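**Q** Letter by letter, the chains look like this.
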Amino acid sequence: MVSLLCCGPKMAACGLVLSAWGVIMLVLLGIFFNVHSAVLIEDVPFTEEDFKDGPEKIYHLYEQVSYNCFIAAGLYALLGGFSLCQGRLHRRKEYLVR
Amino acid sequence: LNPNISAFQRRFVGEVRRCEEMEKTFTFLQQELRDAGRVLAPCRDKPEAPLAREALRIQEQSEQLAQELREVSRNRASLRGRLRDLRQYLHVLREGQHFTSLPAPLGSPPRSRALSERDPLLDPSLHQHLDRKINFVAGVVHPWRVSAFERLLWRACRGYLVASFVEMPEPMEDPATGESITWVIFLISYWGEQIGQKIRKISDCFHCRVYPYPESEASRVETMNGLQTQIQDLSVVLEETEEYLAQVLDKVVLALPTWRVQVQKMKAIYLVLNQCSFDVTEKCLIAEVWCPVRDLTQVQEALRQGSYKSGSSVECFVQRIPTSESPPTLIRTNKFTAGFQSIVDAYGVASYQEVNPAPYAIITFPFIFAIMFGDVGHGLLMFLFALWMVLYENSPSLKQASNEIWLTFFEGRYLILLMGAFSIYTGFIYNECFSKATVIFPSAWSVAAMANHSSWSSAYLATHPSLTLDPNVTGVFQGPYPFGIDPIWSLATNHLNFLNSFKMKMSVVLGIVHMGFGVLLGIFNHVHFNQWHRLVLELLPEMIFLLALFGYLVFLIFYKWIKFSVADSLVAPSILIHFIDMFLFTSSADNLPLYQGQVPVQMVLVVLALASVPVLLLGTPLYLWCRRRAPRTNHPTSVATGEQEPLLEGQEAGNSVNATKEDVESGRHSADTEHLDMAEILMHQAIHTIEYCLGCVSNTASYLRLWALSLAHAQLSEVLWTMVMRNGFVRLRYVGGVLLVPVFAAFAVLTVAILLVMEGLSAFLHALRLHWVEFQNKFYVGAGYKLCPFTFTPDAWD
Numbered sequence: 001m002v003s004l005l006c007c008g009p010k011m012a013a014c015g016l017v018l019s020a021w022g023v024i025m026l027v028l029l030g031i032f033f034n035v036h037s038a039v040l041i042e043d044v045p046f047t048e049e050d051f052k053d054g055p056e057k058i059y060h061l062y063e064q065v066s067y068n069c070f071i072a073a074g075l076y077a078l079l080g081g082f083s084l085c086q087g088r089l090h091r092r093k094e095y096l097v098r
Numbered sequence: 001l002n003p004n005i006s007a008f009q010r011r012f013v014g015e016v017r018r019c020e021e022m023e024k025t026f027t028f029l030q031q032e033l034r035d036a037g038r039v040l041a042p043c044r045d046k047p048e049a050p051l052a053r054e055a056l057r058i059q060e061q062s063e064q065l066a067q068e069l070r071e072v073s074r075n076r077a078s079l080r081g082r083l084r085d086l087r088q089y090l091h092v093l094r095e096g097q098h099f100t101s102l103p104a105p106l107g108s109p110p111r112s113r114a115l116s117e118r119d120p121l122l123d124p125s126l127h128q129h130l131d132r133k134i135n136f137v138a139g140v141v142h143p144w145r146v147s148a149f150e151r152l153l154w155r156a157c158r159g160y161l162v163a164s165f166v167e168m169p170e171p172m173e174d175p176a177t178g179e180s181i182t183w184v185i186f187l188i189s190y191w192g193e194q195i196g197q198k199i200r201k202i203s204d205c206f207h208c209r210v211y212p213y214p215e216s217e218a219s220r221v222e223t224m225n226g227l228q229t230q231i232q233d234l235s236v237v238l239e240e241t242e243e244y245l246a247q248v249l250d251k252v253v254l255a256l257p258t259w260r261v262q263v264q265k266m267k268a269i270y271l272v273l274n275q276c277s278f279d280v281t282e283k284c285l286i287a288e289v290w291c292p293v294r295d296l297t298q299v300q301e302a303l304r305q306g307s308y309k310s311g312s313s314v315e316c317f318v319q320r321i322p323t324s325e326s327p328p329t330l331i332r333t334n335k336f337t338a339g340f341q342s343i344v345d346a347y348g349v350a351s352y353q354e355v356n357p358a359p360y361a362i363i364t365f366p367f368i369f370a371i372m373f374g375d376v377g378h379g380l381l382m383f384l385f386a387l388w389m390v391l392y393e394n395s396p397s398l399k400q401a402s403n404e405i406w407l408t409f410f411e412g413r414y415l416i417l418l419m420g421a422f423s424i425y426t427g428f429i430y431n432e433c434f435s436k437a438t439v440i441f442p443s444a445w446s447v448a449a450m451a452n453h454s455s456w457s458s459a460y461l462a463t464h465p466s467l468t469l470d471p472n473v474t475g476v477f478q479g480p481y482p483f484g485i486d487p488i489w490s491l492a493t494n495h496l497n498f499l500n501s502f503k504m505k506m507s508v509v510l511g512i513v514h515m516g517f518g519v520l521l522g523i524f525n526h527v528h529f530n531q532w533h534r535l536v537l538e539l540l541p542e543m544i545f546l547l548a549l550f551g552y553l554v555f556l557i558f559y560k561w562i563k564f565s566v567a568d569s570l571v572a573p574s575i576l577i578h579f580i581d582m583f584l585f586t587s588s589a590d591n592l593p594l595y596q597g598q599v600p601v602q603m604v605l606v607v608l609a610l611a612s613v614p615v616l617l618l619g620t621p622l623y624l625w626c627r628r629r630a631p632r633t634n635h636p637t638s639v640a641t642g643e644q645e646p647l648l649e650g651q652e653a654g655n656s657v658n659a660t661k662e663d664v665e666s667g668r669h670s671a672d673t674e675h676l677d678m679a680e681i682l683m684h685q686a687i688h689t690i691e692y693c694l695g696c697v698s699n700t701a702s703y704l705r706l707w708a709l710s711l712a713h714a715q716l717s718e719v720l721w722t723m724v725m726r727n728g729f730v731r732l733r734y735v736g737g738v739l740l741v742p743v744f745a746a747f748a749v750l751t752v753a754i755l756l757v758m759e760g761l762s763a764f765l766h767a768l769r770l771h772w773v774e775f776q777n778k779f780y781v782g783a784g785y786k787l788c789p790f791t792f793t794p795d796a797w798d
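Each protein sequence line maps, in turn, to chains A and B.
Take the first sequence: its position 20, counted from the start at 1, is 20 in the numbering used here, and no numbers get skipped.
Take the second sequence: its position 222, counted from the start at 1, is 222 in the numbering used here, and no numbers get skipped.
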């Protein structure tokens, strides 16, 4: 059976930490983009045209970015799960070899 | 106790030497193990230091093992050598067969200098006609010497020989250098006795190994068979030897770690015992030790147990003796305070019974760090990292890591924990979380009110890229933000203008408060050492100087913040110009006074400050001089500072006769040098005055680094966000989410590397410097030495 282990124990730990941080931070960012927070206005990718005819277009852009953030958070959750599995496999390998 | 006796005359020198010999044997054993590729495991259990007969047993056993190892290695080496010789002989015979038995075709290939198989020079048909007796010399030669060898043979024997060279099919070890070389076999056929001798001499010169080459075919075959059997036997014997060697090494691996620890403990004990001296009857050991007063009963208890365990008839006891040496400093810490104490000790160990700044540093150090680091996100990351280290501090994998940098971080885990916690707090005050403001409370500035008031038209908006919110207009500014800085500032273009003024004043205020606190800590020192004159003649002028000038500056800052509002912002006075005018006793016309009667008040303060300088300079020296002049007549009866006691005290049971004599001698010395101290005291005081007064100014400016570093951190954080993270927010619908993943990963890695590690270390260093220099030079002397009790610490082992 092909070994499922592809990264070392330290890589797995780093991946887990990064994924946890990514999930939390991206979910929060997504929420803040969703409520049209004014502080994040600079990060919304608007152009000059979006400022005509009221704020609807800007709000739409806000929501788009927030969905992107949620998608990224989901991907990081997958990555975290993968790192967790790798970590578990490593620990099991340590017990077996000894 | 016996510094006069040289190392060789001490009592236990024999035992120490024995320990060192044993350690040499151990090193030899370890070397052998390493050569064989074994790893020595560190000693797990804690063996006690062995008694004398056990030590003898260890010595015997270790020497026996070393002897065995040496013998076995020697045998193995000789067996290997023999095997090699036999193999070479076999190859020589085999290859030689090619030349002498097989007829070679005519027209031998051209002779080349390379090591290739060649046919005999002479035509074999011709060969058979010659009826002389042909002799052979066969052997192996180093490949580098082949051409020289050949040339010399040709020239010396003038063609009366046939030499053929061929490479050995497998490489073999060179006995001298140990590296693997492909030898070249040569076979020389010659006729004539003298040529034979010449050839033999030449081959000797070239360090070739010559083997006897049997003439006839049959004897050759016989020799070869004999060689084969010999080689086989030898291989078997070699195998057995290797097995035996492995067994001996196993034994060593088992026993060596424990022995090492035991012998090291023994050696340490003997080294300490060597420092004791003997009393007159040569039956007891006397030692002078430093011991904390609180632990005296414990020491007596331990001594009692020791004498009971060893079963001696006489009990050991301890007695206090007076001394004029300054004692070492012992500060008891637990795992939480140890980190803070170590950063204070790194500057200088506290002098005996001096006030210890470490308890205050527990709060001030993380706070000053946090001022330079303030960011909620980064502080949270730091806090969580330290929390992980603290919660898992008992796990063995964390404690026994060998990486030094990791160990440094681990030792300071409580430090980092507090630093992170305080950084979260200052992050909320600066309102920064990964360089974004958090809107916990609604912002106090209203753009709508300003827009309504000014009736900005579209044309106006199009031509003016930046608009001002004037707080004088009603409704625009609704009062200060409840906690921290208003989040609207993160959207303003003059964000830095506002923050700079705020942070600069904050740094100055904090600096003066910190320094004033340092001066106040000096009170503890003066009171404890009963130097009341220093309290009045030094502390008071110092405080007056500091408060009159810089305390007044702090007052001006707060007064202006409170008294002046937006209404008179156009005519608000500048504190800086007022401060400069205060020193120069001038006034500027267009700078309004802050309050009535400002000018006379400032004049009084400056005069007061200037007056305190000569008091600081001359007060203590004059006082000490007066005090010394008065009791100079009663000098002989009271000896110096009352810590000496005459010889009669310590006379019991041969108790440190040497020590008290020396003590009294050193006491007499100090009395003679008193009249020289006046100049020294004056100079010391002058230096102290200049250092203090100039230091007040420069150190206050030095605290501006709090502003500089916090600005740098904020800007770095913002740059990282705009240049890295912002690229992840694109217009694409769902692909944007996938793009955001690597962008966030890059942002995270750079945050940790640049902002946490680099900025964290930088802020740590600057906070440390502020503590060591600006804070501690107001009161700390730090000239003591640490109490180093005798312990078996595991980090003494390599």
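Rather than coming from a laboratory, the hints here were simulated on the basis of the structure.
One or more hints might be untrue.
Simulated crosslink set (SDA-like; lysine to any residue; CA at most 25 angstroms straight-line) [claimed, not checked]:
no., chain 1, residue 1, chain 2, residue 2
1, A, LYS10, B, PRO396
2, B, LYS399, A, TYR95
3, B, LYS198, B, GLU239
4, A, LYS10, B, LEU387
5, B, LYS265, B, PRO214
6, A, LYS57, B, ILE754
7, B, LYS505, B, ASN525
8, A, LYS93, B, ALA401
9, B, LYS198, B, ARG158
10, A, LYS52, B, SER446
11, A, LYS10, B, THR493
12, A, LYS10, B, LYS505
13, A, LYS52, B, PRO396
14, B, LYS335, B, ARG726
15, B, LYS505, B, VAL447
16, A, LYS57, B, ASN727
17, B, LYS24, B, ALA66
18, A, LYS10, B, LEU384
19, B, LYS265, B, ALA401
20, A, LYS10, B, SER490
21, A, LYS57, B, LYS505
22, A, LYS10, B, ALA401
23, A, LYS10, A, LEU75
24, B, LYS251, B, GLN67
25, B, LYS560, B, PRO614
26, A, LYS10, B, ILE754
27, A, LYS52, B, TRP456
28, B, LYS786, B, LYS505
29, A, LYS10, B, TYR160
30, A, LYS57, B, THR408
31, B, LYS201, B, PRO214
32, A, LYS57, B, VAL738
33, B, LYS399, A, GLY15
34, A, LYS57, B, TRP456
35, A, LYS10, B, LEU761
36, A, LYS52, B, VAL447
37, B, LYS399, A, MET11
38, B, LYS201, B, ALA163
39, A, LYS93, B, SER490
40, B, LYS399, A, LEU75
These numbers come from a predicted model, not from an experiment.
**Q** Hint by hint, say whether it matches the structure.
**A** Quick rundown of the hints versus the structure:
1. Of the supplied pair hints, the one linking A/LYS10 and B/PRO396 holds, its CA atoms being roughly 17 angstroms apart against a limit of 25 angstroms.
2. In summary, the hint linking B/LYS399 to A/TYR95 is supported, as the alpha carbons are separated by about 21 angstroms, within the 25 angstroms threshold.
3. For a cut-off of 25 angstroms, the pair hint linking B/LYS198 to B/GLU239 is broken: about 41 angstroms separates their Cα positions.
4. For the given pair, A/LYS10 sits about 19 angstroms from B/LEU387 by alpha-carbon distance, which is consistent with the 25 angstroms threshold.
5. Taking the CA atoms of B/LYS265 and B/PRO214, the gap is about 66 angstroms. The hint is violated against a cut of 25 angstroms.
6. Pair hint A/LYS57 plus B/ILE754 does not hold up; C-alpha atoms about 37 angstroms apart against a cutoff of 25 angstroms.
7. About 31 angstroms separates the Cα atoms of B/LYS505 and B/ASN525, which puts this hinted pair outside 25 angstroms; it is violated.
8. With a C-alpha separation of about 21 angstroms, the suggested pair A/LYS93 and B/ALA401 falls inside the 25 angstroms cut-off, and the hint holds.
9. The suggested pairing of B/LYS198 with B/ARG158 holds, with an alpha-carbon distance near 11 angstroms, which does not exceed 25 angstroms.
10. About 22 angstroms separates the Cα atoms of A/LYS52 and B/SER446, which keeps this hinted pair within 25 angstroms; it holds.
11. Distance check on the hinted pair: A/LYS10 and B/THR493 sit about 43 angstroms apart at the alpha-carbon level, beyond 25 angstroms; violated.
12. Under the criterion of a C-alpha separation no larger than 25 angstroms, the hint pairing A/LYS10 with B/LYS505 is inconsistent with the structure, at around 46 angstroms.
13. This hinted pair does not check out: A/LYS52 and B/PRO396 have alpha carbons roughly 64 angstroms apart, beyond 25 angstroms.
14. Taken as a hint, the B/LYS335 and B/ARG726 pair is broken in the structure, with Cα atoms around 43 angstroms apart against an allowance of 25 angstroms.
15. Between B/LYS505 and B/VAL447, the direct Cα distance comes to roughly 28 angstroms. Violation of the 25 angstroms bound is thereby established for this hinted pair.
16. As the CA atoms of A/LYS57 and B/ASN727 are separated by approximately 20 angstroms, the hinted pair is consistent with the 25 angstroms bound.
17. Note on B/LYS24 and B/ALA66: the hinted pairing holds, with a Cα-Cα distance of about 11 angstroms set against a maximum of 25 angstroms.
18. At most 25 angstroms may separate the alpha-carbon atoms for a hinted pair to count; A/LYS10 and B/LEU384 meet this at roughly 18 angstroms.
19. Taken as a hint, the B/LYS265 and B/ALA401 pair is honoured in the structure, with Cα atoms around 24 angstroms apart against an allowance of 25 angstroms.
20. With a C-alpha separation of about 38 angstroms, the suggested pairing of A/LYS10 with B/SER490 is violated against the 25 angstroms cut-off.
21. Under the criterion of a C-alpha separation no larger than 25 angstroms, the hint pairing A/LYS57 with B/LYS505 is inconsistent with the structure, at around 43 angstroms.
22. At most 25 angstroms may separate the alpha-carbon atoms for a hinted pair to count; A/LYS10 and B/ALA401 meet this at roughly 14 angstroms.
23. Restraint check for A/LYS10 and A/LEU75: satisfied, since their Cα atoms lie roughly 21 angstroms apart, inside the 25 angstroms limit.
24. For the suggested pair B/LYS251 and B/GLN67, the alpha carbons sit about 13 angstroms apart, so the restraint of at most 25 angstroms is met.
25. The hinted pair formed by B/LYS560 and B/PRO614 fails the criterion: a straight-line CA distance of about 33 angstroms is larger than 25 angstroms.
26. Restraint check: the Cα-Cα separation between A/LYS10 and B/ILE754 comes to about 21 angstroms, which is no more than 25 angstroms; the hinted pair holds.
27. Pair hint A/LYS52 plus B/TRP456 holds up; C-alpha atoms about 16 angstroms apart against a cutoff of 25 angstroms.
28. A threshold of 25 angstroms between alpha carbons decides the hint, and for B/LYS786 with B/LYS505 the separation of about 40 angstroms lies outside it, so the pair is violated.
29. Between the alpha carbons of A/LYS10 and B/TYR160 the distance comes to roughly 74 angstroms, so the proposed pair goes past 25 angstroms and is violated.
30. The suggested pairing of A/LYS57 with B/THR408 is violated, with an alpha-carbon distance near 53 angstroms, which exceeds 25 angstroms.
31. With a CA separation close to 20 angstroms, the supplied pair B/LYS201 and B/PRO214 stays within the 25 angstroms bound.
32. Simply put, A/LYS57 and B/VAL738 have alpha-carbon atoms about 23 angstroms apart, close enough for the 25 angstroms limit, and the pair holds.
33. Between B/LYS399 and A/GLY15 the CA atoms are separated by roughly 23 angstroms; this keeps the pair inside 25 angstroms, and the hint holds.
34. Between A/LYS57 and B/TRP456 the CA atoms are separated by roughly 22 angstroms; this keeps the pair inside 25 angstroms, and the hint holds.
35. Between A/LYS10 and B/LEU761, the direct Cα distance comes to roughly 24 angstroms. Compliance with the 25 angstroms bound is thereby established for this hinted pair.
36. Distance restraint check for A/LYS52 and B/VAL447: the Cα-Cα separation of roughly 19 angstroms lies within the 25 angstroms cut-off, and the hinted pair is therefore satisfied.
37. A threshold of 25 angstroms between alpha carbons decides the hint, and for B/LYS399 with A/MET11 the separation of about 21 angstroms falls inside it, so the pair holds.
38. The suggested pairing of B/LYS201 with B/ALA163 holds, with an alpha-carbon distance near 15 angstroms, which does not exceed 25 angstroms.
39. At roughly 51 angstroms between alpha-carbon atoms, A/LYS93 and B/SER490 are farther apart than 25 angstroms, so this suggested pair is violated.
40. Distance hint between B/LYS399 and A/LEU75 is unfulfilled; the C-alpha atoms sit about 35 angstroms from each other, more than 25 angstroms.
The structure does not agree with the numbered hints 3, 5, 6, 7, 11, 12, 13, 14, 15, 20, 21, 25, 28, 29, 30, 39, 40 stated previously, though it agrees with the rest.
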